[in-house]
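J.: Throw the hints in and build the complete structure from the sequences for me.
Below are the chains, spelled out letter by letter.
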Amino acid sequence: MEARITWSGAVSMANFKDKKSFENEDFISVLPKESNGYLQWVLCDGAGGSGVFCKEWAAYLGDHIPVNPGLIEQQSLTGWLKDVSGAFHDEVIAHKDLSDLVLQQKVYYTGSYSTLCACWIDRPGHEIFFCAVGDSCIFYFEAGADGYELEYLTSINRQDHVDAPPDLLNWNEKTQQQLPLHSLALEREFVVVMASDSLAKWVLLNLFLMDFASVAGFFSEPFLASLQEAKYEQQKMNIRLGSGLKTVGELIGFLKMASENDEKFELAMIMLAGGDEMDVDDYSLLIMEGNVS
Amino acid sequence: MSSTNLPGPANQSLPGSAQTAGKFQTTIKTVGQPLKYGTRVTSSNPCAFLIMVDQSWSMTETITDNRGREKSKAEHVAMMINEFIGEIILTCQRSDGMKNYFEILLLGYGQEDEEENSIVDILWEGPLKGKTWVTVDELKKGALRSETITKPNPSPYGKPMLEQVVQVWLEPRGEGVTPMNTAIRRAVELLEDWVDDHPDSFPPMVFNITDGLLTDVNYFEELLESAEMLKKVRTADGEVLFFNCLLDEAGDQQTFPYVTDGHLYKDNDYHRALFECSSVIPSNLKHAIGRPLERSDDVKGVILEANIDTVIRFLKIGTYTLKSNVI
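For the record, the sequence lines run as chains A and B.
If you read the first sequence in my numbering, its first letter stands for residue -15, the second for the next number, and so on.
If you read the second sequence in my numbering, its first letter stands for residue 505, the second for the next number, and so on.
Please keep in mind that the hints were generated in silico from the structure rather than gathered at the bench.
Watch out, some of these pointers could steer you wrong.
Just a few of them, taken from the derived set where beta-carbon distance is under 8 Å, the chain A residues facing chain B [to be verified]: (1) 1; (2) 32; (3) 36; (4) 37; (5) 85; (6) 86; (7) 89; (8) 158.
Ideal Cβ positions, reconstructed from N, Cα and C, are used throughout, including at glycine.
T.: What follows is the structure, given as structure tokens:
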């Protein structure tokens, strides 16, 4: 028995309102070729609203994430981040023109922020690994008797408010945080969705509308209360009247179709944001479907 | 954009796709009602801060902040406003230059003209003199004075010492009486001009910092009437937000009270009026007030009997809004 990926899509776009495509601060990568039996998907969302050179930092993080989670114990993953931070400063920041003292101040006082979302699949070991920091999200669904069910999600559920400032990775921090690594055994058909924050919140609102009870257990009471604030009540209403998806299967189908190519993704995101179902933002989506056979 | 697909079985069906395909192919549509105070801040949709500063004589009184610095109220307030502007410039600094995410206007009331009449006036001096609303790029280039200092680098990387530029846009002043009501009326005109040019932006925020009783009304109803006029100015995203900070070192500070706590001010008509004329802080900005809320009630954007250090918390509503709403 081994895990098989039957379908995979990965798309990313800059916010369509006032950014050009090269200004997209999200980074995505897929390593479809196995490395010691592992497949890897990565999404890093550079938080340009908070720091500088966040696009570069997100790409550097994503490019340098280890391809083999089997080598990673929590401690060494943290050590990895420290090494990557130093290398990013020396290879990227040190070569920037920082003659503008305000820019220099922002570089060394604020640094660069990014989320990190990584997923690895050990095919022969039929095991899946997740590492996520920030409000980009990984949703893991398994097929059950009544369709797909959410089995795991990370990491927006560590926040106590949907719009609380997310925990982000910054090369400039003296004390680098511990990185979480979680694994699950793959036993049946599964779907993994990785989405940057605004799209992840839209997925979350859909899941709450479809089956509140099965999702609520992943979140704290204050987080759940924050989803009842006016903004999110309005977005839920817009979702009901707009895209109107009824089941997790429909939701996954929609996301798969949106991830087929750039044009479909752009159309889908414009439709959802235009209908005020979610915020205008850079959007990224990675989705994988597989089974164990 | 990029797209990657792993090979999968040929002609594989997409679950749920049939139901959604029709909707997926439709073009942009809008359903439901637009959200208030939800517009993201962009260069094409900047937000606006109007800071009203009391420059009356009483602002020359000396007070001590929590770091033991003894200065006049006017000096403290000017320093905090300069730091606020500096922080906003830093927020708008991007890798590739400044982004004009906000426009600002400083409006003073209390300083005297040549005939010793207390007046209301826009406070830009030096390179910005004569301007009304100023973009962040203009601010960065248009300081009244600048100084380059050297400070230790807080980062574990880079040089141990860094040069840093400290800029000043507002000098302290204190003379005359307190024509706050006239200032609010002037603010209404300036805000109307701004929203005409930015009809879809996040609504402007007005921060009023004063230390005493206004002197240009006979009844507090006049103040409330002016405040209502100001709060009626709106963009498509909501009405202007009017926040007030009343400095009074001797008092019992009340920061951002609940809207249901108006009865607490029944014995002080001025406090009651400032409470009434202040906007409710939108729910998505409540994080900015810097304290946990014990109740789910809304809170008013007002600080009464504030000590000088609270001005920073007061202005933080602005920086929080900017940081949390910038795309």
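J.: All the hints need checking, so say for each whether the structure fits it.
T.: Hints, verified against the model:
Hint on residue 1 of chain A holds. Least Cβ distance to chain B is approximately 6 Å, under the 8 Å limit. Below 8 Å, beta-carbon pairs count as interface contacts, and residue 32 of chain A has one with chain B at about 7 Å; its hint therefore holds. This hint holds: residue 36 of chain A has a C-beta 5 Å from the nearest C-beta of chain B, less than the 8 Å allowed. Residue-level restraint check for residue 37 of chain A holds (minimum Cβ-Cβ distance to chain B is 5 Å; threshold 8 Å).
Contact between residue 85 of chain A and chain B, as hinted, is supported at the beta carbon level, the nearest pair being about 5 Å apart and thus within 8 Å. Interface hint at residue 86 of chain A: satisfied, since its Cβ lies 5 Å from the closest Cβ of chain B, which is below the 8 Å cut-off. With a cut of 8 Å, the hint placing residue 89 of chain A at the interface with chain B holds, because the nearest CB-to-CB distance is about 5 Å. For residue 158 of chain A, the shortest C-beta to C-beta distance to chain B is roughly 5 Å, which falls under 8 Å, so the interface hint holds.
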